[in-house]
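J.: Each chain is listed here by its residues.
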Amino acid sequence: MGKLSVNLCGIEIDNPIIPASGTFGYGYEFADLYDINMLGTFSFKGTTKDPRFGNPTCRIAECTAGMINAVGLQNPGVEKVINEELPKMAKVFNKKVMANVSGFAIEDYAYTCQKLDACPEVGWLEVNVSCPNVHGGGMSFGTDPKAAAEVTRAVKAVTTKPVIVKLSPNVTDIVAIAKACEEAGADGISLINTLLGMRIDLKTKKPVIANTMGGFSGPAIFPVAVRMVYQVAHAVNIPVVGMGGVSTAEDVIEMMLAGATAVEVGAANLIEPYACRNIINDLPKAMEKYGISNLKDIIKGA
Amino acid sequence: MKQGLFTIETNKPLTDNVYLMKLRGDVSDITASGQFINIKLDGLYLRRPISVCDRDDDSVTIIYKVVGKGTEQMSTMQSGVLDVLTGLGNGYDTTKSGDRPLLVGGGVGVPPLYMLAKQLIAEGKEVSVILGFNTASEVFYKDEFEAIGAKVYVTTVDGSLGIKGFVTDALADIDYTYVYTCGPEPMLKALYRSINTSGQFSFEERMGCGFGACMGCSCKTITGYKRICKDGPVLEKEEILWEN
Chain A
1 MGKLSVNLCG
11 IEIDNPIIPA
21 SGTFGYGYEF
31 ADLYDINMLG
41 TFSFKGTTKD
51 PRFGNPTCRI
61 AECTAGMINA
71 VGLQNPGVEK
81 VINEELPKMA
91 KVFNKKVMAN
101 VSGFAIEDYA
111 YTCQKLDACP
121 EVGWLEVNVS
131 CPNVHGGGMS
141 FGTDPKAAAE
151 VTRAVKAVTT
161 KPVIVKLSPN
171 VTDIVAIAKA
181 CEEAGADGIS
191 LINTLLGMRI
201 DLKTKKPVIA
211 NTMGGFSGPA
221 IFPVAVRMVY
231 QVAHAVNIPV
241 VGMGGVSTAE
251 DVIEMMLAGA
261 TAVEVGAANL
271 IEPYACRNII
281 NDLPKAMEKY
291 GISNLKDIIK
301 GA
Chain B
1001 MKQGLFTIET
1011 NKPLTDNVYL
1021 MKLRGDVSDI
1031 TASGQFINIK
1041 LDGLYLRRPI
1051 SVCDRDDDSV
1061 TIIYKVVGKG
1071 TEQMSTMQSG
1081 VLDVLTGLGN
1091 GYDTTKSGDR
1101 PLLVGGGVGV
1111 PPLYMLAKQL
1121 IAEGKEVSVI
1131 LGFNTASEVF
1141 YKDEFEAIGA
1151 KVYVTTVDGS
1161 LGIKGFVTDA
1171 LADIDYTYVY
1181 TCGPEPMLKA
1191 LYRSINTSGQ
1201 FSFEERMGCG
1211 FGACMGCSCK
1221 TITGYKRICK
1231 DGPVLEKEEI
1241 LWEN
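Heads up: the protein sequence lines correspond to chains A and B, in order.
Quick note on the working numbering: the first sequence kicks off at 1 and runs consecutively.
Quick note on the working numbering: the second sequence kicks off at 1001 and runs consecutively.
Calculated from the structure, these hints are not laboratory results.
Please note that the accuracy of each hint is not assured.
As the list claims (entries may be wrong) - Using 30 Å as the maximum straight-line C-alpha spacing, the simulated DSSO-like pairs for lysine-lysine come out as follows:
id, chain 1, residue 1, chain 2, residue 2
1, B, 1065, B, 1220
2, B, 1065, A, 205
3, A, 179, A, 206
4, A, 80, A, 91
5, B, 1237, B, 1151
6, B, 1040, A, 203
7, B, 1040, A, 205
8, A, 95, B, 1002
9, B, 1226, A, 205
10, A, 95, A, 3
11, B, 1189, B, 1164
12, A, 91, B, 1220
13, B, 1164, A, 96
14, B, 1226, A, 91
15, A, 91, B, 1002
16, A, 203, B, 1002
17, A, 95, A, 300
18, A, 206, B, 1069
19, B, 1118, B, 1065
20, A, 88, B, 1220
21, B, 1226, A, 80
22, A, 203, B, 1069
23, B, 1142, B, 1022
24, B, 1040, A, 206
25, A, 205, B, 1069
26, A, 205, B, 1189
27, A, 206, B, 1226
Please work from the sequences and hints to get the whole structure.
T.: Structure representation (structure tokens):
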């Protein structure tokens, strides 16, 4: 095993770098630029039971050191993802991929996860109980420990693949929710999803985002993410996938010191399409600079 | 798509708030008119997508209007190097034009039609162009289109230059086989209803990445959901679905 490799919920990955769901599509656009097999894995665009167009545009707003998105889980639905996207994805990516799943009812999550459980390409299920951009679901499951636990249990009952529950930062006590998911059988926790944010256009004097609010991401949220990863990693005994504003190899090291076993990179992919490649290439030098011989050794080291 | 560093060669005003910038670098991925480039600017998080006005062997020309922080910052640059993504978007398809294509541009929708006009003329086609502006002082590139041999009609809303009114008011006198257009959505919609041929329409939307990864700029079309940045910005007239 290399000095960058880590074990994520029973699966060894070459390095801890994972493009975050919603910022990497199904990998094709990036596979045109570089060999995406260099990634640890990637979390493909969030999948729901039924096809979704998502929210009306404008879906994007700029912020200082970040951005707001309100895409609203646009995806072709689980059937098409399995029949069309996964086979195409397999042509550009030969490692296990992470399937990100969202829902509007507990049965939706279970249905979608059961379907994806049958796909050999899928290594992990990342269960998103934290999407801020859809009404009547998503984040509401992630803001209540009981509901988050119920989703976790329902999903665990239909799959043998590791289940990583993706949590929302838009809560008062993220530790309580993480613990509830762990008790319900989660194999890992990933955090943080985006922070609920809003911008107003001074010319029109109306919200920039058609859906009024959206998810705030980018380097601006990195300190919040590090704090929450630290809190959760010190409260649970399952692996934590850290994300939120990670843009450089140094950010990855900081996230791992806070307690992350692996690190997802989100918004950075949209601004710098080579972001993940650059981070992976930069990691050995950054490790050397900070006297780190093996990345595994620094997890939760802070 | 390609990422490259581009040197600012020219950056000059064409009108009060419209600028022309010429950037030198690797333009090999710019394969069609109607494509755009996405520019990283210091201190701003999102890149700025700007349509390609023209390219030669080692440079690309863009024309942009100062509408916000990014374009304002661009307007002040006299030199320097920019991180640019090139070869974005599908661009116009010249094979469908017929013998007498009509190009219709409104405001800063005019620039991408210039490279298109050059291509169509090089293919031996008889090109007419309608350039729509609000007033005479906003007009740019009339002479450039004439210099390459296009028949140019200018419309201004206040009648201070050319035909008084909107681009649609110039249609009656023109004999055309196909329409290529770019401009504000109300103009596109009016044109869609006024023309009697098929055509290609270039759309604009607020983008996250500009290369198809984030689904920030999706729209509904008759042939399914499309990403303006990757599957567009040019849509065939027959697939357009007006939502409002």
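J.: Which numbered hints does this structure break?
T.: 3, 13, 16
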